[in-house]
Amino acid sequence: MPLAAVLVLAAATLVFRLVGPLTRHRRALPARAERLMSDAAVVLLVALVAVTAFTDGQSFAGAARP
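Under this note's numbering, the letters of the sequence shown match residues 75 to 140, in that order.
Hints should not be assumed to be uniformly reliable.
As the list claims (entries may be wrong) - Each pair of labels, with its calculated beta carbon distance range: (1) Ala-135 <-> Val-89: 39 to 49 Å; (2) Leu-122 <-> Pro-95: 21 to 31 Å; (3) Thr-129 <-> Val-89: 33 to 43 Å; (4) Leu-103 <-> Val-123: 22 to 32 Å.
No wet-lab data here; the hints were simulated from the structure. Idealized CB from N, CA, C, for every residue including glycine.
Please model the complete structure; the sequences and the hints are all you need to start from.
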């Protein structure tokens with residue numbers, strides 16, 4: 075039973091990942107949505123840098139971290 079569940083989830087993941095590239099030309103995103111996604115990518119990268127720079131393991135490392 076667990077193997078069947080893993081195979082079903084793997085197949086669903088593969089199909090889900092293939093649907094995007096196969097249907098990208100059918101529908102255009104509004105300019106506002108494209109801007110929001112671009113801004114969201116920058117925000118996520120800045121958040122990743124901030125978390126990496128100011129934490130050490132599970133605790134706050136301080137702003138004067140070398």
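Task: Broken hints, by number - done: none
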